[in-house]
Amino acid sequence: MSSDFLEFRGISKSFGPIRAVSGVSLGIKKGEFFSLLGPSGCGKTTMLRVAAGFEDPDAGRVFLDGRDITDLPPNKRKVNTIFQSYALFPHMTVRDNIGFGLAIAKRPKAEIRAEVDRMLELIRMADQADKKPDQLSGGQKQRVAVARALINKPDVLLLDEPLAALDLKLRQRMLIELDLIHDEVGITFLYVTHDQAEAMSLSDRIAVMDGGRIEQIGAPAEIYESPRTSFVAAFIGDTNFLEGRVHDCLDRDYCRLSIAGLPEILCFNDKVLQPGQPIFLSIRPEKIHISHDRPEEKAQRNCVPGVIEDVIYLGSNTKYWVRAGGYRIQVLRQHDRYFLDEKPIRWKDPCWIWWHADDGFMLDHFRKADEGLLAVPPQSVGEPINGK
Amino acid sequence: MGSNILRRRRTEWLVTLPTLVWLSLFVVVPTLLVFVIAFRPANPYGGIGRGWTLDTIRALATPSYLLIAWRTLWISLLTTAICILLALPAGYTIARAPARWRNRLLLLVIIPFWTSFLVRVFAWKSLLHPDGPVKRALEALGLAGPETTLLYHPAAVVLVMVYTFLPFTILPIYAAAEKFDFRLVEAARDLGARPFQSFRRVFLPGIRTGLVTAVLVVFIPALGSYIIPDLVGGPSGEMLGNKIAQRVFTDRNLPHASALSAVLVLAVLAPLVAVLILQRKGKKSDIIMGEAP
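Which chain is which? The protein sequence lines are B and Y, in order.
Take the first sequence: its position 77, counting from 1, is numbered 77 in the numbering used here, and each next residue is one higher.
Take the second sequence: its position 35, counting from 1, is numbered 35 in the numbering used here, and each next residue is one higher.
Calculated from the structure, these hints are not laboratory results.
Think of the CB as a built atom: it goes at the ideal place given N, C-alpha and C, for glycine as much as any other residue.
Be aware that one or more of the hints could be misleading.
Claimed, not checked - Ranges of calculated distance between the beta carbons of each label pair, as one might list FRET restraints:
no.: 1; chain 1: B; residue 1: D127; chain 2: Y; residue 2: R200; range: 25 to 35 Å
no.: 2; chain 1: B; residue 1: K109; chain 2: Y; residue 2: R208; range: 19 to 29 Å
no.: 3; chain 1: B; residue 1: K271; chain 2: Y; residue 2: R200; range: 52 to 62 Å
no.: 4; chain 1: B; residue 1: E286; chain 2: Y; residue 2: L105; range: 53 to 63 Å
no.: 5; chain 1: B; residue 1: A221; chain 2: Y; residue 2: L105; range: 32 to 42 Å
As the list claims (entries may be wrong) - When the alpha-carbon atoms are kept at most 27 Å apart in a straight line, the in silico DSSO-like pairs for lysine-lysine are as follows:
no.: 6; chain 1: B; residue 1: K29; chain 2: B; residue 2: K76
no.: 7; chain 1: B; residue 1: K131; chain 2: Y; residue 2: K179
no.: 8; chain 1: B; residue 1: K343; chain 2: B; residue 2: K298
no.: 9; chain 1: B; residue 1: K76; chain 2: B; residue 2: K109
no.: 10; chain 1: B; residue 1: K132; chain 2: Y; residue 2: K179
no.: 11; chain 1: B; residue 1: K131; chain 2: B; residue 2: K109
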């Protein structure tokens, strides 16, 4: 039916009263590095366990290469899992761990030996073959887990937060290593993580999940640059949410928005909107420019005056919180020569912020729960509108 | 630095001393006495004669003894095997049960201890009695004829021994299974193992500590059983423990009883030593010897 290699169709799964996944459909292409990204409890691990065969979905089917595998036990599926805890067998050596799958498949001893040697070479651990897992470092355990899965030449490799247990430096090295392995073996990866940076840097495509549903599927840049829901915008990177109404739509590409306390805001439009319709706008802090002097008025440039409320200097960049209208807007400024700036922007300084109309995004969906993330503190949300 | 270590050594000795004295006085010395008496002749008044003799040891080689020794061994091995086979699924199930069920199930395992061991064995005696409910039920089902004997049979000994020792096997296996990381079983299944393969190749090695304890906890007391074969075994179910009692209380032949006891002590030590050696091989292995009786 489709060109999808691994396909979930309408998967639902509950654990007692908790609905972990509700009606999720998802297609993953052959050879793709696909990530399921979301906070803990969003259902991403359940999806992975459904693919591995550890959980039976309450509804829906799973297809691998066009074949329905929903009812197959884990050992009959051509998928292998890398567990968050690695789950290496503690009573076996590295060699026996890696060769486990082949030994179960009753392959000849000499062949197993050769295959394991090849894998040990791939993970550069030939000299550690006779060690037990508890003698290995976290990164080494992780590599053994990868080798133990890959040796079976699975159709899909399932990775369940494989880097979560590693420290930051090691995580970055393993990221590169996983990427290289993916390029080298060319099999399909389904990667589950709550870490947006991991997902962004590795994936061909990402599905952002929340509350057992998929919020958005797309390439990393798509998801970052044009988040469709408040959840995606806030989960991946920082953002400012502004609440307003559509004033008018100038042409097919741009809309003017009325946002209480701010001048009229021009925004890129990819939707069908009616004047007066309420709308939520998302602008990333690094898309907003900041200066003491009033910027030059330009077409498609939104300029807003404000006052600096907070400044955090972070070395390569500075975070500013600017009070503008009723809103508290976060701005991230990349420095190139901080001391040579005639006049660094300081606390309580009046200032101007501006951004291009293309850098703001109107959201399809704004969750009630994200109201706390609005650029105004929640108790004063209504303030500029009611004029109190 | 050096004196510090010395002082710590001395403290350790002082702390351990009472235990060592106790063990030497009440375990090591009596055991050695048993070994010594085995080489002394008996006297007609039930005491120990003068001089030394090897006759008692030679007398152990008679076929009737060998038969009983063999029976003691196979009854103990069979009991151990059945206990382990029953305790494995039981311990596994309890360990995997939801937390609120776990304590209730464990309680069920422990409940038999609330009744005296002797009373429970007598209960079995009346259950298995020719006029008892089990025999009648079997007859009603046509599974037993009027001549079938349930009581006074080696099978009855095995049955009651399994009943007695089963809780002692379930507990260490449960304790090990409870600590076992069941994600390892998932990993094995994921790598192609069938349920039984993952059980045998990953779960069993994972609970090895508990298994060894369970085996020792059944096998060693089983070898020395006395009350169970005495009450439900009859002449065809006699074990070494019964013979020792007969030599002491009926024949009043202490050297003979000592010789039999010495054999039993050696038979009990053998599996312990075997485990110790295995342990050395598995270097910093975690088999808890302290739990072996």
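Now the hints, each set against the structure:
1. D127(B) / R200(Y): 25 to 35 Å: Roughly 31 Å apart at Cβ, these two residues keep to the hinted range, so it holds.
2. K109(B) / R208(Y): 19 to 29 Å: Between K109(B) and R208(Y), where Cβ atoms are some 24 Å apart, the hint holds.
3. K271(B) / R200(Y): 52 to 62 Å: holds (60 Å)
4. E286(B) / L105(Y): 53 to 63 Å: holds (58 Å)
5. A221(B) / L105(Y): 32 to 42 Å: violated (54 Å)
6. K29(B) / K76(B): holds (21 Å)
7. K131(B) / K179(Y): holds (23 Å)
8. K343(B) / K298(B): holds (24 Å)
9. K76(B) / K109(B): This hinted pair holds, its Cα atoms lying about 22 Å apart.
10. K132(B) / K179(Y): The given pair, whose Cα atoms are some 19 Å apart, holds under the 27 Å limit.
11. K131(B) / K109(B): At roughly 20 Å apart (the allowed maximum being 27 Å), K109(B) and K131(B) satisfy the hint.
Taken one by one, the earlier hints fail for this structure only at number 5.
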